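> What follows is each chain in one-letter form.
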Amino acid sequence: MSTSLIELKNVTMKFGGVTALGDVSFDVKEKEILGLIGPNGAGKTTVFNVITGVYQITSGEIIFDGKSLAGVKRYKITKRGVARTFQNIRLWGDMTALENVMTAADTHKKSGLVSGLFGFPISRREEKRDKARAQELLDFIGIGEYSDRLAKNLPYGVQRRLEIARAMGAEPKLLLLDEPAAGFNPAEKVELAATIRKIRDAGYTVLLIEHDMSLVMKVSDRVVVLDFGQKIADDSPRKVQDDPRVIEAYLGVPEDAS
Amino acid sequence: MFNLRDKGAEIWESQGRVGRVAIAVGAIAIVAALPFMGGTFLNTPVADYESVLVYPIAMFVLMAIGLNIVIGKSGLLDLGYVAFFAIGAYTMGLLGTKTDLNTWEILPIGIAMAMFSGIILGVPALKLRGDYLAIITLGFGEIVRIVALNLGALGRSEGIQGIPTPPGIFGIEYAFDSHRIYYWTLLILILLAIWMVRRLSARRAGRAWESIRQDEDAAELLGVPTFKYKVWAFVLGASVGGAAGVIYASKTLFIAPDNFTLQISILILACVVFGGMGNIWGVILGAVILGYLPDRIRFLSDARLLVFGLVLVLMMNLRPDGILPRKKREKAIVKKDAS
Numbered sequence: 001m002s003t004s005l006i007e008l009k010n011v012t013m014k015f016g017g018v019t020a021l022g023d024v025s026f027d028v029k030e031k032e033i034l035g036l037i038g039p040n041g042a043g044k045t046t047v048f049n050v051i052t053g054v055y056q057i058t059s060g061e062i063i064f065d066g067k068s069l070a071g072v073k074r075y076k077i078t079k080r081g082v083a084r085t086f087q088n089i090r091l092w093g094d095m096t097a098l099e100n101v102m103t104a105a106d107t108h109k110k111s112g113l114v115s116g117l118f119g120f121p122i123s124r125r126e127e128k129r130d131k132a133r134a135q136e137l138l139d140f141i142g143i144g145e146y147s148d149r150l151a152k153n154l155p156y157g158v159q160r161r162l163e164i165a166r167a168m169g170a171e172p173k174l175l176l177l178d179e180p181a182a183g184f185n186p187a188e189k190v191e192l193a194a195t196i197r198k199i200r201d202a203g204y205t206v207l208l209i210e211h212d213m214s215l216v217m218k219v220s221d222r223v224v225v226l227d228f229g230q231k232i233a234d235d236s237p238r239k240v241q242d243d244p245r246v247i248e249a250y251l252g253v254p255e256d257a258s
Numbered sequence: 001m002f003n004l005r006d007k008g009a010e011i012w013e014s015q016g017r018v019g020r021v022a023i024a025v026g027a028i029a030i031v032a033a034l035p036f037m038g039g040t041f042l043n044t045p046v047a048d049y050e051s052v053l054v055y056p057i058a059m060f061v062l063m064a065i066g067l068n069i070v071i072g073k074s075g076l077l078d079l080g081y082v083a084f085f086a087i088g089a090y091t092m093g094l095l096g097t098k099t100d101l102n103t104w105e106i107l108p109i110g111i112a113m114a115m116f117s118g119i120i121l122g123v124p125a126l127k128l129r130g131d132y133l134a135i136i137t138l139g140f141g142e143i144v145r146i147v148a149l150n151l152g153a154l155g156r157s158e159g160i161q162g163i164p165t166p167p168g169i170f171g172i173e174y175a176f177d178s179h180r181i182y183y184w185t186l187l188i189l190i191l192l193a194i195w196m197v198r199r200l201s202a203r204r205a206g207r208a209w210e211s212i213r214q215d216e217d218a219a220e221l222l223g224v225p226t227f228k229y230k231v232w233a234f235v236l237g238a239s240v241g242g243a244a245g246v247i248y249a250s251k252t253l254f255i256a257p258d259n260f261t262l263q264i265s266i267l268i269l270a271c272v273v274f275g276g277m278g279n280i281w282g283v284i285l286g287a288v289i290l291g292y293l294p295d296r297i298r299f300l301s302d303a304r305l306l307v308f309g310l311v312l313v314l315m316m317n318l319r320p321d322g323i324l325p326r327k328k329r330e331k332a333i334v335k336k337d338a339s
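Here the protein sequences line up with chains R and X, keeping their order.
Residues in the first sequence are numbered from 1 upward in steps of one, following this note's numbering.
Residues in the second sequence are numbered from 1 upward in steps of one, following this note's numbering.
Be aware that one or more of the hints could be misleading.
Straight-line alpha carbon distances no greater than 25 Å define the calculated BS3-like cross-link-like pairs of lysine-lysine that follow [as the list claims (entries may be wrong)]:
| id | chain 1 | residue 1 | chain 2 | residue 2 |
| --- | --- | --- | --- | --- |
| 1 | R | K73 | X | K228 |
| 2 | R | K218 | R | K173 |
| 3 | R | K79 | X | K228 |
| 4 | X | K127 | R | K79 |
Derived by calculation from the structure, the hints in this document are not laboratory data.
Keep in mind it's a predicted model, so treat the numbers as computed, not measured.
Just chain X, with the same shape it has in the complex (with noise of 0.2 Å):
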């Protein structure tokens, strides 16, 4: 079958230096100028396309790259990655409203509540493996949300309102309605997760997270600290979540424990599963694919979750692997005496 995903690293290993920086500008530059093209066939019929494009796309997207890092590279189960999004956004809703500290002071601190919640949760759950970590990680979102939902000063089922945008830097000024400066801001982002997981992949830390993924037990004999390394995907995986939860606070200025269900987890698995998991690239694709086709054929009303249903199961059978499948390509077997 064709594979789009070794056609892609082929020519992006093909290209020098300047090449590979020209691919990376223009293809940022193209994502960047998505806002302008709502007039095109790319228009969302009901929903504005602008703000399609940061919620759900842009926010889906940096969520699977994070979950990605849990589930597509070390291959834990998470069934609760809401949890961290929620703790990102409530973070922010808190502080927003009861302290003078503005978003991007805020954003640290919930990237940082996020990956301590990452510890708390992972520390005792990461002992376990597959279906009973999958189970308590689940228990662990549906806590948080209850915990939102029951907490006096988290505004039970009323959430929080009111949670400022956050200040304008360089002059550009934030509007809740000014949707493309939000989508450019989590853009930067998004490019700073793509960054960070690629950093790692290619180092000590990914080949660690492979191999605990293919072989636990092997990895643990041969000098692997395999807890540790789980944790830290635990970890980075939450800090990703966190980042994504204080925008969409300081962007929707209004947050419930309903934002926060399991349904969200759910579709961000989807994502990850459905674009491919463990290709970073994959599972953006996914996670746009998911987060746009809802609203592209709203046309179809109510119709349009059956077909969206549809698709997943379609693709999921005749590409079980995903879109843009794991990498894993072989270069050509270099045989030393070959003349």
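The shape of chain R in the complex, shown without the other chains (with noise of 0.2 Å):
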């Protein structure tokens, strides 16, 4: 654990009056898995929606890789190494699952239209190679049987799982997973951890939003918590778990306590 990866400074999300984000620091170093939790609420997929260039932060900083990411372009966040998975699924339904994760390396071609129409070689290597990355990542990710299928009519655990196949193939350095587990059954979760676990090996560094505590808990190096937005610990699992104020923010104060 060394260099940091990503650091956000001072972060304040405004929204009118309300503060999603007040004042929040922290980094995600390369190679980590870093959990993000809180409870609802709590401006965990802000937080995400800052990185990724969705809203503009009201005031902060946000260093990726050396350098801000004020005022980039969303794709060009992405080009930049950042891809995230949605909360609510948002693949795209008409597509194969092959197609899905083809469409997302889409930042980092370099064959233009005219190539595409005319077929030169660089545009059908390139189409060659992608479709090979795709099929890999699908196979990585345990869901390459499916790739003909499209993504609407797949299984909901294998869209969960798509999510993730596709984002990693705007082949990013920062991964951003919203909550993948939401809607899986004990066994399922056994088995993403131990994908999270993979990714990260592969040489990803993975920030990871989720409610499942023994998920988080299990996978993550370090983990982040949020109450209102603003950083309440950000410590190794087993000292947060046992951080009064954060069972405070999850259980909330005994009465006589005050």
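Hints given; two lone chains; assemble the complex.
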């Protein structure tokens, strides 16, 4: 654990009078799995949205790979190496699983419209390579057999996994996973935990939002806890679990405590 | 329900290279021979059959293919498509009467003008989405017509007259009443447009458009430069419309703002939706039917537009995805461990 891949410095995000994120600072180190947890409405998904450029932050700074992300267009942020999944699945339903992954790789392609039109060798080579790469990713994530199926017809669990494969298709350094285990049964969660570790071992850095505590605690190297837009803890999973402020945020304070 | 599109795709995919070439050549031959079938049941009672083949049918097909890139592929609702048709036609009209350039020399200029106006319209308009985009394009279509109506250089309401016919090529002479020659010319342009769309659809651009149509935000967040692709869709759609306009002007020899009303935009949109948005064969079929039908049932005289409307309403109720809906068949899942 050494250098930070992404660093949020005093990030504040306000919507009118509502402060979704108040002065939040944390970083994700290279090749780390960082769990981001917090009760509903704590601002977890907002963190993803400010990193990926959906929202422009009110104040503060986000440094990715040594450079600020301020004002960078969304697809260019992806090109620099950030890709995400969505909490509510947002695959391109009318495309096959393979096409979903291939499309996400668009940002890194060199062949233009014209060479595609005339079938220049660069276009054909690229097409072939992308297809192979997409299939590899589907295999890697364990859904290779579904490559020719339309995304909308896939079983729920496969769709969730395809979301991850699609994000990896964009060749990111930092992978943002937004509740990848939502709706999974315990067995599927165990499998997913293994997959996330495998992704890290393949050289990706992972920022994980998840509600399932056992999953987060099991896979994360470090956990950041948000509550009402404030960071209340940032430590190893074991220490976070025992942090009174975290317990308070999740369970509330006993009436006689104060 | 029986799916004509899937049946067709199945036959196509079951063929080898030779079979496919044979099917394509056969289909082109049949379509090219249509002008000779005027004596059959295909004949249109009042209008001249061969001239109906040129306009509206072939012209509608070409424009519908162009509009399909914008609406069917990328999901951008364009209600002002007629503007590009008009720009192509007026380019032909102006250059054809004021300069020595002939139709074949003006054709690329007309296409370039249409593409350029596609950028002019697209860059500001495509920052908006959905309904707002539709309204801007609607306005653009009207602006182009009103400019033509008020600009002295474009002949105001009189339009431009005496536009030259194309010069002969390969010993084929174009006279204003040699409809079949124009029909074959348009057929070549249609084939070129089909080739372009099919090529692009199968590759990077097609997938990007598809992702934009289905979920633009997700596309952008996964690294698809959505704005660039949307402008490209507009520009390519415009190029086809412009080409149609050039040929139209040098066929009718006379153009006026009245030829380029909102009604044309709506009709072409109807062709796309009726035939099956996003599927090029559906769109072509839709344009053929909607171009042909009003003339075929002309014996109904005044009731024909009523019947035409009824067919549209019925059709959209029974098959809301169009006659030949967008492809999406799945290959059988091949399990790796299947024995």
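> If a hint holds in the structure, say so; if it doesn't, say that too.
The hints, checked one at a time:
1. R/K73 <-> X/K228: With Cα atoms ~12 Å apart, R/K73 and X/K228 stay inside 25 Å; holds.
2. R/K218 <-> R/K173: The hint holds at about 22 Å.
3. R/K79 <-> X/K228: 15 Å, holds
4. X/K127 <-> R/K79: 21 Å, holds
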